[in-house]
Structure formats: C-alpha cells, structure tokens
Amino acid sequence: MDRVKFLIPTFILFIIAISCVPAAAADIVADSAIAILPPNVSDVIVSDKPNDPGGTLVVEWILPDSAALAAMPIKGVNIYLSGNHDGPFELITSLPKSALHYECSDLQDGESYYFKVTATANGLESDGITSAAGIPSGQWFNTERLPILIVVILFSITAITFIIKARGGYDFYVRPIAGIKAVDEAIGRATEMGRPILYVPGLGSAADVATIAAFTILARVAKKVVEYNTRVIVPNYDPVVMAICQEVVKEAYASAGKPELYDPKDVYFITQDQFPYTAAVNGVMLREKPATNFYMGMFYAESLVLAETGFVSGSIQIAGTDQLVQIPFFVSVCDFVLMGEELYAASAYLSREPQQLGTLKAQDLGKVTVVILIIIGVILSTIGMSGFANWFNVG
Amino acid sequence: MSTGQLIGNGIAAFLTLCIFSFLYKDNPFYKFAERLVAGVATGYFTMLLFWTNFIPKVWEPLYERHEIIYIIPTILGIIMWTRFSKKWAWVSRYSIAFYIGIGSGVAVTLALYTYLFKQLQATIAFPISMDVAGINQLLVVVAVLASLIYFFFSTPHKGAFGVASKLGIYVIMIGFGAGFGLTVMGRIALLVNRVIFLKGYLIALFGG
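The listed protein sequences derive, respectively, from chains A and B. The first sequence begins at 1 in the working numbering and counts up by one. The second sequence begins at 1001 in the working numbering and counts up by one.
If we strip away everything but chain B, and leave its shape as in the complex, we get:
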C-alpha cells in the first residue's frame, strides 16, 4: 500500500471505528463522524445534482439546444426558492402541486401494472392439481386470499372472516420472517466486508 493509500484508508478506518463507537453510547467521536458524513454528503450531492441534473436538464436544453419548452420546468424549479421568503412562500405551492400531481399520475399507472396486473396474472396462471406444483399453487392462492382478507377494513374481523384474517396475518408474518432472514444475511455480509477492510488495513499498517 502506498503512503497515500495508507493515509486515505487510515482515515476510513478511523471513521469506521468512530461510527462503531456508537454501539457503546453517544460520544464526541461519533458526533464528529456523523457531522462530517452529513456535511460531505450534502456537499457531494450538491455538486452531483449540479452536473447530473442542472447541466443536462436545464443548461444544455435551454442554452445549447434552444429547446424553449424547458423554460417551464426551470421556472417551476426557481419558484421553489420562494420558500425562503415569508411573503412569497405561497407561490412555491404551485410547484409542489405540479410535482406531486405528475409524480402520483405516473406512479398510479406503474403501481397498477406492477402490483395488480402482473401479480394477478402470476397468481391465476397456473392450475391446481395433485402434484407438487399444483399443491404449491393451491397454497399460494389460499395465502393470497387470506392476506387480502386481512387488509379488508370495511367489516370487523369476526367469525369466518376473522379466521381467514388470522390465517392471513400468519401468512404475512411467515413471509416477513423469510424476508428478515434474507436481509440480515445481507447486513452480516456488509459487516464482514467492513471487518475485512479493517483487518487488511492493520496488516498493511504494521507491515504484515
């Protein structure tokens, strides 16, 4: 490892240990690392936003390609800055309304396509039969129906409806358990990666 890499990795190792110190309790080292990462992230993303959003989506279309239509979203973006003025802050609501309206409109179509049509098609596409695949399909259908019943809010969950709802929450929790285990495995992998980094740095530092 070169001297520059030793210094750079040393700073990374120090900051890693600062964040890990939080496991004990809040302390000045954690506070320092927290403030540093928040400040660096904000500065980095400000520049990233400038080069990946402002330049290709505002500067180039307006100044280089003379596509005047882009003046509309530019003005809407500038209007957002009125939030800093107590007198003119109300103007920014138009930009926010436009932003939420467009976003929701796009999201509705996408959500229906992904969460309704594709899921529905996948649930009913396979037949129920007495072989393994067929029994699996039966379990899937029963689990989906029970889960849907759990999220039904218009009637109290009593009687047969309550039993189906109870089955639904059990199915949901089984699914969550599987997801939990999978995600924890991923997190442990991240921790292992970080420990390997620290170990590698110590070896490089002390010339192992």
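So that you can see chain A by itself, here it is in the shape it has in the complex:
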C-alpha cells in the first residue's frame, strides 16, 4: 500500500515531466533559432559620388570576416534607405554577396540620407548596420577629364598662334581637294543651263561642326551665285539652321551690291522630320530640276535617297559629310565627295579666312602629334609597358 501511494504521485510527476519536455525543448530550439542570424557586414560608409552632376551617393561596406562566414555563409546583402537615422527604412535593392558597394542615384542634393546594410542567408536577415548621414552634391569640374582640358588648352594655343600668323599675311599651303575645284565649275554649269542650284545643308543642328562647315561653303556658293546671276534653293530641316542660311545668303547678295535680288522664299524651312523632309527635297529636285546639287552637312539614312533622286534628275552632285556611314552612299552616287575632314578643309580652302586656315594648321599639327603618340604607344605596349595607353583612358 505504501508502495502504491509512492508510485501514484511519482507516475503523475513523470507524466507532467514528459509533457513539459517538448515545450522546453521547443523553447531551447526557438532560442537557438532566434540567436542564429547571418553575421553583419561592417564599416558601412556613405560618400558623395565624385565627378558627377549630383544626386548620387556611394555606399561601401566590408563583408564579415572568414570565421563568421564559415559559421554561417551569407548569400547576399539588402540595402535600405531612409531620411532619418532611426528610420523608417525602405528596401531599395538586394545584391549578391560579391557586391561591396552600391551607387544610389536620383537623390536630392543637399538632403541627408542614411543607409542600412543587412546580410541575408537562408531566408534570414541580419540586424544591419546603419551608416552616417550622406549628402549628395554635384561637382563643377570632372577631374577625371583633366587630360581633355589640357589638350583643349594646347590646341587652342596652337590654333591662336597659327591664326595670328595667318592674319599677319603668311600664306599657308592647303593641298588641292578634288571636290572643291568642282564647286565653281558646277555653279558655272548651272548658269549655262539656266537652271537653279540646290543646296541641302543636312539634318544637323546649328551647333554641329559639319553644319558650321556647310554654312561656310554656302557663303562661297552664294557669292558665286550672285556673280553668275543664278538662283540657289536652300530647303532646311532645322529652323535655326534656316535662320543662319538666310543670313548667309542675304549677306552674299548684300556684299555683291544686289540685295534686291535676294528672295527669302528660296531659303525656307520644310519640316523637322527626317523622311518627310527627304520626300519634300526629292520633290524639289524633280520639279525645279536643279543643274547642281550640293549636300553639305550631317546626313543619315536619307543620303542615298537624296543622291539617287538627284542622279535621276540629271544634276551634277557634290557631297560633303562627316557621317562615316553615309559617305559610302555619297561616294557611289555623287560626282565629288568631301569625306570627313575634307569638308572642314574645304571651308578653309574656299574662304581663306585666317581663323579657318589657322585652325586647319593646328589640326594638322594635332594629327602629327597623334601619329607620334601612336608609334610610341604601340612600341611601349609591345615591350610590356601599358601605363602609357592607360593615360588616355579618361573618365
């Protein structure tokens, strides 16, 4: 009886103990689960991105040390952003573990931003490290492009020197270019045939170098046109280019003493859409039947369409462009082509202006420099010294 009295409470205690073990074990397991998080990254630093127009911060961090990673390898990192140090933070991106920095753009200059970087692994995320405040700002000067500034200064000094020399009466030699000699002949042909001249200044804007060269050649053509009493038609793609072309042609008539002969309807705007402009110019070619077509400036896919139509209408054609892809089309159809820099040289050759001659000489000196640099650079690269080539790898 005493044994039974002892066994019953013992048995009851045993049952109670067994029912508590899973909970205790679960508690132990739960405590372990809460405790085992991926290791945090460290040294989260935020800085303004250098040499940019603003709005960008760079976040950098260091991965956990190898011992921590061995205990729990991380799979990636999450980047959070907030305007306050204490949050709330918004997840902006998730990156693989190999990433050690992140550029966050489209931020407001002058405002403070805080980043929190957490490590992730197996669906778990570390607490994260919050950075100090970062304030984006723009820089006035991109120091990575300092070599470009040096080259511009050197080129400018060279060009000014040659311009001063040209103004002093020095006669710089410019080798003859086939297309240039044909300009005067083509204008004379138009006069003999009693047909107008068509001058297409291209599809570039007034700030494009090729278009600026086209203005100079137009001035030369307009001057000859006034002398020969021929008509020049200038259909335009860009309104500002049209304004400048009008000034150029009007000036040519005025300087020849015949301003009353200038017809503003001959220098007009068509449309600022590529193929409608091309269609309209094609129509002009077939209706006005110009004896000579000049294509000077920037051209794109419409180059062959224009040149072929001019060929069909029986015009002599002289083209000049710096668009490398379009030159083959002009070469295959036109009578004379000014390729690339020949267009710029043509404007200097025709006008003989000191500014243009001096600039052309400076460009030639630049080419000599480039040739020397190429020879030196290739020799150095061949013998294993690649640092020289890297100097030209500007940002």
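Quick caveat, the hints were computed from the structure, so don't treat them as lab data. Where hints are given, some of them may not hold.
Claimed, not checked - From chain A, some residues computed to sit far from chain B (all C-beta separations above 12 angstroms):
{"id": "1", "residue": "84"}
{"id": "2", "residue": "181"}
{"id": "3", "residue": "182"}
{"id": "4", "residue": "231"}
To be verified - With beta-carbon atoms standing in for the labels, derived distance ranges:
{"id": "5", "chain 1": "A", "residue 1": "83", "chain 2": "B", "residue 2": "1191", "range": "53 to 61 angstroms"}
{"id": "6", "chain 1": "A", "residue 1": "268", "chain 2": "B", "residue 2": "1197", "range": "29 to 37 angstroms"}
{"id": "7", "chain 1": "A", "residue 1": "143", "chain 2": "B", "residue 2": "1011", "range": "25 to 33 angstroms"}
{"id": "8", "chain 1": "A", "residue 1": "393", "chain 2": "B", "residue 2": "1182", "range": "42 to 50 angstroms"}
{"id": "9", "chain 1": "B", "residue 1": "1178", "chain 2": "A", "residue 2": "112", "range": "53 to 61 angstroms"}
{"id": "10", "chain 1": "A", "residue 1": "73", "chain 2": "B", "residue 2": "1178", "range": "44 to 52 angstroms"}
{"id": "11", "chain 1": "A", "residue 1": "384", "chain 2": "B", "residue 2": "1020", "range": "54 to 62 angstroms"}
Beta carbons: idealized from backbone N, C-alpha and C, even for Gly.
Using the hints provided, position chain B relative to the given structure of chain A.
Then chain B, alone, in the frame of chain A:
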C-alpha cells in the same frame, strides 16, 4: 482584322504605294503623299515639341516650381521670334550665337573624349606580336596611320608621303565598302518589312 484596322492599314498601304510610285517618276500620287507626310509630321512635331519641351522645360520650372533662372533661356527663345520682323531680326542673332556657342563648347569636349582619347587608347593598348591578334593589331596601326596621313592637308601628297596617302585612301574605301554592305542589308530588311505589311494587308482584305 477589325474594320477600323482594315481602314487604317488600308490608308497606310495606299500611302506606301504612293511613295513607291516615285520609282517610276514624279506623279500626283507621290506629290499628295509627300505633302501629306510633311504636313502631318510638322503638326505632330509641333505638339510633341509643346509637350516634351515647352511644358517640362519652361512652364513647369517657371510656373509650378518658381525656378526663376529658367527665365533666361525662355527670353532667349522668345527673342528667336524676332526673325519675323525685318526691323528687329538682328536681335535673334544673340540667341543664335548663344545656342551655337554652348553647343560647340559641349561638342568639343565630347568629340575629344570619343574621337581622340578613346580611339587612341584602343589603338595603342594592344601589343604587336607574331600571333593572329598581334598581326591584326599591326594591320590596325598601319591602317590608322595611313588614314591619318591621307587627311593631312599641309603638304602635297608626293613621294613616300603620297604612297602612304594612297594606302590610306584604299583602307578608307575598304572600310566604307564594309559599311555600305552592312547598311544596305539594313535597308533591304526595311523593304522586306514593308512588303510583308502589304502582303498581310491584302490577305486580310480579301479574307485569305
């Protein structure tokens, strides 16, 4: 194809054939299509210019964000309208000068970066050696030097200089030939696309 699509595509097919009729000779159909496309393009771009340039670059900065600095380019743009006045047209030259000056200034830096520094770095970065890559690099260097010599305007192209210049123009023409072939392929693709459109329309029209 729905009725609306049939009508719309029909107009597109008709205008396509009008433009193709130019291959024969100039005719009223081509003239009609040419004038129509020029007019529609001008009207479309006028509205596009209004919504993509005037509103975000003039109206919103001045009226909504009160960024007074934008008054300067706005005034320069308004000054361009003086071109319509014979008496005041000279004022527009200031806007044009500003426009060309800024454009040229930006273009110079970009051109030097793209056409000089990057090209130079790419040309001299690789060594010359006796393997395929090295011989290719040698050909590239010789071709670049010859092409540069061709565009040298300060001396007559005679003697050794003339030979190098001749090599340069051959290299340039080879490059142009490759570019020509590539571009023609693209143009043929455009033509094929247009022919497929016409074929698809005819099939849809006659219920094929």
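Consistency of the hints with the structure:
1. 84: holds (25 angstroms)
2. 181: Holds, because the least Cβ-Cβ distance between residue 181 of chain A and chain B comes to about 15 angstroms, which exceeds 12 angstroms.
3. 182: With a cut-off of 12 angstroms, residue 182 of chain A remains clear of chain B, as the shortest Cβ separation is near 17 angstroms.
4. 231: holds (20 angstroms)
5. A:83 / B:1191: 53 to 61 angstroms: This hint holds: roughly 56 angstroms between Cβ atoms.
6. A:268 / B:1197: 29 to 37 angstroms: holds (33 angstroms)
7. A:143 / B:1011: 25 to 33 angstroms: Given about 57 angstroms between the Cβ atoms, the range is violated.
8. A:393 / B:1182: 42 to 50 angstroms: violated (28 angstroms)
9. B:1178 / A:112: 53 to 61 angstroms: holds (54 angstroms)
10. A:73 / B:1178: 44 to 52 angstroms: holds (51 angstroms)
11. A:384 / B:1020: 54 to 62 angstroms: Holds, since residue 384 of chain A and residue 1020 of chain B (Cβ atoms, about 60 angstroms apart) stay within the stated range.
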